[in-house]
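> So the sequence lines, in the order shown, correspond to chains A and B.
So in this note's numbering the end of the first sequence lands on 309, straight run, no missing numbers.
So in this note's numbering the end of the second sequence lands on 309, straight run, no missing numbers.
No lab work stands behind these hints, which were simulated from the structure alone.
Treat the hints with care, as some may be off.
One copy or any two copies: either way a pair holds, since identical chains are not told apart in the list.
[What the hints assert, rightly or not] Subject to a maximum C-alpha distance of 30 Å in a straight line, what follows is the list of computed BS3-like cross-link-like pairs (lysine-lysine):
1) Lys190 / Lys22
2) Lys217 / Lys277
3) Lys117 / Lys64
4) Lys140 / Lys277
5) Lys117 / Lys22
2 protein chains.
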Amino acid sequence: MNNKLLVVGTMAYDAISTPFGKVDKILGGAATYIGLCASRFSLDCGIVSVVGEDFENAHLELLKNQGIDLSGVEIVHGGATFFWSGEYLNNLNTRTTLETQLNVLENFNPKIPEHMKSPDIVMLGNLSPDVQLQALEQLKTKPKLVVLDTMNFWMEHFRPALDQVIAKVDVISINDEEARQLTGEYSLVKAADQIHQMGPKHVIIKKGEHGALLFHKNEIFCAPALPLEEVFDPTGAGDSFAGGFTGYLTQTGDISFNNMKLAVIYGSAMASFTVEKFGTENLVNYTPAIMAARLKAFKELTTFEIEIE
Amino acid sequence: MNNKLLVVGTMAYDAISTPFGKVDKILGGAATYIGLCASRFSLDCGIVSVVGEDFENAHLELLKNQGIDLSGVEIVHGGATFFWSGEYLNNLNTRTTLETQLNVLENFNPKIPEHMKSPDIVMLGNLSPDVQLQALEQLKTKPKLVVLDTMNFWMEHFRPALDQVIAKVDVISINDEEARQLTGEYSLVKAADQIHQMGPKHVIIKKGEHGALLFHKNEIFCAPALPLEEVFDPTGAGDSFAGGFTGYLTQTGDISFNNMKLAVIYGSAMASFTVEKFGTENLVNYTPAIMAARLKAFKELTTFEIEIE
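Model the full structure from these sequences, guided by the hints.
In structure tokens form, the structure reads like this:
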């Protein structure tokens, strides 16, 4: 029997402009990326989210065809799907949000279907901490692992609720600037220490093209990012990381530090794949052979044999 | 018999201001850091440089006591030693040069002593490309490996001479911004490709707290930086890297890609040690046990066991 992964997060339409091109309305949202990546592993994956009447059937089918359970996705009749428009400047280093239409997300009360209330692993995609709390409260059993993704916006405007969520999760996944903002510590070692004290036993700090750090007690694992010739569109990189990370952990059911290191590598591999094309475009082309090649590249990139006297 | 390392570079006095403190006049210079680090390996190390009459005997003794051959260090009577004053701001991310007094460096014509003219490995520390060229022209035999360190200043104002040096070396060691400046390519993979075409078969791109990349043909090795609780003074990090890198390669005499990966780890370990105190202060405390502990930390930081199907 497969282990169960519950994903709570947004489903969206995005308009994206990068130095390489522009799209007006493509499939997006944290839960979408997480689901598309996680469902490549052997597991039962369900999404809890909300969309509007405009959400295309073809996009629902795309997710269903990957075996994702969408019975927790509410379709609001007469409502419009969450819409985000952003622009990447300066070699993709700066992201500017041009427009955010919350639409159906504004009054979203997540409803977890009965058969999804005892997942092995929960992935809380970047979303309002209030919604994340509401989702956690509906669980009937304590999951093996709860993973949280969040961002600076919630740190700035919803800190008390965010602190409540952080206290309840086992793993937090944020980027380096967010770790510094959350703690006021510049040193990532000190920032991770402080976040440990807020609750999470595991802290993942994502550094984009510089890879990711996983902190647990006094152990640190450093995963590089695959050096890519070109990043086409960074949208969804963090969500794809989360999808690969939780997908691999759910499949294996092993949350030891050693296995979590591998999950970080799987997550990084997924992210490296996503950013090579616009939005979720590349994820449709995923094959196990592509993953195997990337895992091999990670291994080659980092392996050295040293004799320590 | 030991292999020979020839170091060409500056010896200096530095005034440094960081958020953690301030020093008015401490020992500095690329060749100083390189020599202090490289001489921790089993090798014969000689420095070619220039100092003024003000250069303290105690500092010459410090270097000599580590077995460094200073017969190529010219002491200009009536001259003053190269002086650099800088300030680190914004969590050490920004370095501002407050003052540069070239002094004896201005008319420096390097003179390599006869017994140093057939080194196994040459390390050209960051210095005027004209001086670097002059040094290379005095060699009697082709070294096994020539390694170049340089910086943005020479790229901006001495590009033709710099291009000549780059064409003559086997390894170049620069930071990510400099790689981008040198090539006009933002992607470090593309930048390394282009630098390969300029001459160097090996390209090292240093990324500070994010580690370093080593490029050779189609192979890439990614070394992390040790996550430190606090960086005290980044001065000399790149030079210490160069010292550890060339010191290890000279000791082993093995310039294969696999061994060069280890050299990058040794270089990174040296750099992590230097930045924990002001200037060269920590290097005096170096012990083989410290190095062994850091190598172990690098190994733990990067090791993962993955089965690829």
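> How would you classify Lys117 and Lys64 at a CA-CA limit of 30 Å: within, between, both, or neither?
within (20 Å within a copy, 71 Å between copies)
> 30 Å Cα cut-off: does Lys217 pair with Lys277 within a copy, between copies, both or neither?
between (37 Å within a copy, 26 Å between copies)
> Could you figure out if Lys117 and Lys22 sit no more than 30 Å apart (CA to CA) within one copy, between two copies, both or neither?
Answer is neither: 39 Å inside a copy and 58 Å across each miss the 30 Å cutoff.
> Check Lys190 against Lys22 for me: Cα-Cα at most 30 Å, and say if that holds within a copy, between copies, both or neither.
Intra 39 Å, inter 23 Å, cutoff 30 Å: inter-copy only.
> Could you figure out if Lys140 and Lys277 sit no more than 30 Å apart (CA to CA) within one copy, between two copies, both or neither?
neither (39 Å within a copy, 53 Å between copies)
The structure fails to meet hints 4 and 5 from the earlier list, while all remaining hints are met.
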